[in-house]
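Please build the complete structure, drawing on both the sequences and the hints.
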Amino acid sequence: MGSIGILFVPLALAVITVLLVITAWLEESVLSPRSMILHTVRTRSRRITPEDVERLVADQSERLLRNFER
Numbered sequence: 001m002g003s004i005g006i007l008f009v010p011l012a013l014a015v016i017t018v019l020l021v022i023t024a025w026l027e028e029s030v031l032s033p034r035s036m037i038l039h040t041v042r043t044r045s046r047r048i049t050p051e052d053v054e055r056l057v058a059d060q061s062e063r064l065l066r067n068f069e070r
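Residues in the sequence shown are numbered consecutively from 1, following this note's numbering.
Since the hints were made in silico from the structure, they are not lab data.
Note that beta-carbon positions come from the ideal geometry of N, C-alpha and C, so glycine has one too.
You may find that some hints are simply not true.
[What the hints assert, rightly or not] Computed beta-carbon distance windows for the label pairs:
#1 43 / 3: 51 to 59 Å
#2 27 / 2: 24 to 32 Å
#3 43 / 5: 44 to 52 Å
#4 47 / 67: 29 to 37 Å
Below, the structure written as structure tokens:
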């Protein structure tokens, strides 16, 4: 178990690194306000303007930040 246990250390570091990279990509390309706005404008009715969606995202962000500060 000793030599095999030593191999688990780099494996664990690699798994953590992969998870962090995936999380960073997800935040940048899927969860960012810009991508949320673009996705909503592309998929919703044409009556919704980008400014309306931007206002919605800003309101939601402010609400989340206020709840986070508590």
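Cross-check of the supplied hints:
1. 43 / 3: 51 to 59 Å: 53 Å, holds
2. 27 / 2: 24 to 32 Å: Between residue 27 and residue 2, where Cβ atoms are some 39 Å apart, the hint is violated.
3. 43 / 5: 44 to 52 Å: At roughly 49 Å between Cβ atoms, residue 5 and residue 43 fall inside 44 to 52 Å, so the hint holds.
4. 47 / 67: 29 to 37 Å: Once the Cβ atoms are compared, 30 Å apart, the range 29 to 37 Å for residue 67 and residue 47 holds.
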